[in-house]
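If you read the protein sequences in the order shown, they are chains C and D. Going by my numbering, the letters in the first sequence line up with residues 14 to 310, in that order. Going by my numbering, the letters in the second sequence line up with residues 1066 to 1408, in that order.
Keep in mind that the hints were calculated from the coordinates and are not lab data. This structure is a prediction, so every number in the text was calculated from the model and none was measured. Among the clues, some could well be false.
[What the hints assert, rightly or not] Some chain C residues near chain D, calculated using beta-carbon distances under 10 Å:
#, residue
1, Leu-29
2, Pro-47
3, Gly-92
4, Trp-94
5, Val-96
6, Ala-98
7, Trp-100
8, Val-115
9, Tyr-158
10, Gly-169
11, Leu-171
12, Pro-172
13, Asn-254
14, Leu-265
[To be verified] DMTMM-like mimics (lysine to aspartate or glutamate), calculated; alpha carbons at most 20 Å apart, straight line:
#, chain 1, residue 1, chain 2, residue 2
15, D, Lys-1104, D, Asp-1148
16, D, Lys-1133, D, Asp-1148
17, C, Lys-273, D, Glu-1245
18, C, Lys-273, C, Glu-59
19, C, Lys-76, D, Glu-1245
20, D, Lys-1133, C, Glu-164
21, C, Lys-76, C, Asp-253
22, C, Lys-76, C, Glu-59
23, D, Lys-1134, C, Glu-203
[Said to hold, decoys possible] Non-contacting residues of chain C with respect to chain D, defined by C-beta distances greater than 10 Å in every case (computed):
#, residue
24, Val-79
25, Thr-86
26, Thr-111
27, Tyr-126
28, Leu-137
29, Leu-140
30, Val-145
31, Ala-148
32, His-151
33, Ile-181
34, Val-229
35, Ala-284
36, Thr-285
37, Gln-296
In this text, a Cβ means the ideal position worked out from N, Cα and C, and glycines have one as well.
Chain residues, written in single-letter form:
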Amino acid sequence: MKEERVPVAFRRPLPLAVACNAFVILWLLVAAFPFLWTVWGSFKVEGDFFSRRSFWDAVFGIKTIVQTGHPFTLDGYRGAWVVNALWRPVINTAIVTTCVTVISLTFGTLGGYALARSGHRYALWLLIAALVFRAMPHITLVSGYLLPFFELNLWGILPTAIIVLVAINQPFTLWMLHSFFLGIPKDLDESAMIDGCSRLRAFQLVVIPVMWPGVVTTGLFSFLLAYNDFAVTSMLLSQDNQTMVPRIASFLGSIEQTGKVMYAVAAVVSATVPLFILVMFFQRQIVSGLTAGAVKG
Amino acid sequence: MRHRTFLAFILPSALAMLLFIALPIVSVAVQSLYVEPPKVLVTVQSCTPFACTDDVQVDERATAELRKKHPLGGFNGLGTYTDRAHLAFGEIAGILGQNTGFADTLGRIYNLPFYRALAFTLAYTFIVTPLAIMLGFSIALAVNAVPRAIKGPVIFVSLLPMIITPLIGSLMVYWMINSEGIIGATLQWLFDDPNLYLKASPTLTWIVIFLYGVWTNGPFSFIVFYAGLQTMPLDTLESAMIDGASRWERIRFVVIPHMSPLVTFVALVQLMDNFRVFEPIVGFNSQASATSLSYFIFSDLNGQFSQLFGSAAATSMLTIAGVVILLIPVLIRTWREFNRKAA
């Protein structure tokens, strides 16, 4: 019987088990409902999604049928992707996130490895500095960038935003990979060095082949930081180079008057899709990354 | 590891942090001491057939030229810090001078822009963090009890509010809470009050943003606590049972002590993150009734006509001071930990 495998301490009387299950179901509803509702509503017209009458309008798409002849419409998506050329910020986002992830990981693996293998005092100081930097609100840093970037003519272009995001990402990446490399036995690379490898060669031959789980996990978080950022990209990129999130924000101001809110709704749903896919495929890595910091302290 | 090798390995990362985190902090500190040059004003005489009037206008070209010559502006010392938009010492002294009752004094201080932002930021940080931890802990306990097969999907759904882009998440919730959205309209219908509207009441705005904060912060504590529950020492739990501890006592005296290091970890991470609350203010479009320090800086930098670098920098410095105060316990902990490992 299945019941036999449950430890005695975890066995629950029926009412408690029911309450637990009910609570979990309630939480699932609260967690998922905004997503389901927005996805569903993005295929309706504004009169339904923002209905003055009742939310049943949005469920059945009453006005959508009146206006388009069908309960579902792609008007919002057409408006966002075709009329407002959402593909342009999407390409920018793709460039920024890819570059940020790759560069952060390159810098981070080298640095994290060094921090994990150095027993010197200054390694601790670096880690503490990284911790302080990690806590800096991004917008305070942005207010430091703007004036120098204007003066140096670096403002508005993608490479600037990329390197800034890489730097902002470094503290976290360093900490995460540092604790990951601590888990790889020292003997591994040191024996390679006794065999005559230089430190770099040992890193290449022995450490790189075994580091991928940690790198993938850290990479996911680098990707998320770059993808989710609003403060840096909205302030440092010019109109033409905007990425998706600031684009959606600037959408709102211009769209709300002209009654094209559904464009923004469709754009928001489009921007959520990659995150959805990410969690679907990398759920295990995300969970292990979140808990790594906690368990290691 | 030799110093040279260490330096070679750490260099790219350290350089990036030095150039784009440490230097900007210096740059903010310098900028906060300066103030934008005043606009160049010219008096223009405009004559109609009947009379001539003198108009004072901004000479845009001369202003731009002056700005170009002195991008930082004029030296202002600590003037920006103490002006009305920031610490407002003069105004505070005035308010405290005329004693008009405690509530009124507080209310008047709250009307000063910096203190408004500070009040909301602190309230958000210290209300959302514990609530999110409690929510996460309850979810973790409950999920631990559901059948194994559905745990994966539960974790999948729970991760969504956490990894969603903050701006996008807050927009989704904002649209639902809108007076024409599903939650807003239903609430109006339930209470039969057509004026029940997010925008109409600052209190309601605060509550909604706090709830959003709990929604998006809760999953992180849940994941961490759930992982912690998997390493729960069964023996201790079972011996507590044999000693006659009730279910609640077991949670109180075995589970919670086992989790307390995790609680500290989660609390510290979330305090830091919540202190920089920013996107919800943009998403909920709530700056009129709820604004945070980060948003205060953002709006200075995002000015339609002129960017107030000095003012933004001064707020940034004050924010950084706040972050450092929040961080001190974390730093002490890291320091001790490293020394313990080294010993």
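Verification of the supplied hints:
no.: 1; hint: Leu-29; verdict: 7 Å, holds
no.: 2; hint: Pro-47; verdict: 4 Å, holds
no.: 3; hint: Gly-92; verdict: 16 Å, violated
no.: 4; hint: Trp-94; verdict: 17 Å, violated
no.: 5; hint: Val-96; verdict: 19 Å, violated
no.: 6; hint: Ala-98; verdict: 19 Å, violated
no.: 7; hint: Trp-100; verdict: 18 Å, violated
no.: 8; hint: Val-115; verdict: 13 Å, violated
no.: 9; hint: Tyr-158; verdict: 6 Å, holds
no.: 10; hint: Gly-169; verdict: 14 Å, violated
no.: 11; hint: Leu-171; verdict: 15 Å, violated
no.: 12; hint: Pro-172; verdict: 12 Å, violated
no.: 13; hint: Asn-254; verdict: 17 Å, violated
no.: 14; hint: Leu-265; verdict: 8 Å, holds
no.: 15; hint: D/Lys-1104 x D/Asp-1148; verdict: 19 Å, holds
no.: 16; hint: D/Lys-1133 x D/Asp-1148; verdict: 25 Å, violated
no.: 17; hint: C/Lys-273 x D/Glu-1245; verdict: 15 Å, holds
no.: 18; hint: C/Lys-273 x C/Glu-59; verdict: 8 Å, holds
no.: 19; hint: C/Lys-76 x D/Glu-1245; verdict: 14 Å, holds
no.: 20; hint: D/Lys-1133 x C/Glu-164; verdict: 9 Å, holds
no.: 21; hint: C/Lys-76 x C/Asp-253; verdict: 36 Å, violated
no.: 22; hint: C/Lys-76 x C/Glu-59; verdict: 9 Å, holds
no.: 23; hint: D/Lys-1134 x C/Glu-203; verdict: 57 Å, violated
no.: 24; hint: Val-79; verdict: 17 Å, holds
no.: 25; hint: Thr-86; verdict: 17 Å, holds
no.: 26; hint: Thr-111; verdict: 17 Å, holds
no.: 27; hint: Tyr-126; verdict: 6 Å, violated
no.: 28; hint: Leu-137; verdict: 5 Å, violated
no.: 29; hint: Leu-140; verdict: 7 Å, violated
no.: 30; hint: Val-145; verdict: 6 Å, violated
no.: 31; hint: Ala-148; verdict: 4 Å, violated
no.: 32; hint: His-151; verdict: 7 Å, violated
no.: 33; hint: Ile-181; verdict: 7 Å, violated
no.: 34; hint: Val-229; verdict: 16 Å, holds
no.: 35; hint: Ala-284; verdict: 6 Å, violated
no.: 36; hint: Thr-285; verdict: 6 Å, violated
no.: 37; hint: Gln-296; verdict: 6 Å, violated
Checked against the numbered hints above, the structure violates hints 3, 4, 5, 6, 7, 8, 10, 11, 12, 13, 16, 21, 23, 27, 28, 29, 30, 31, 32, 33, 35, 36 and 37; every other hint is satisfied.
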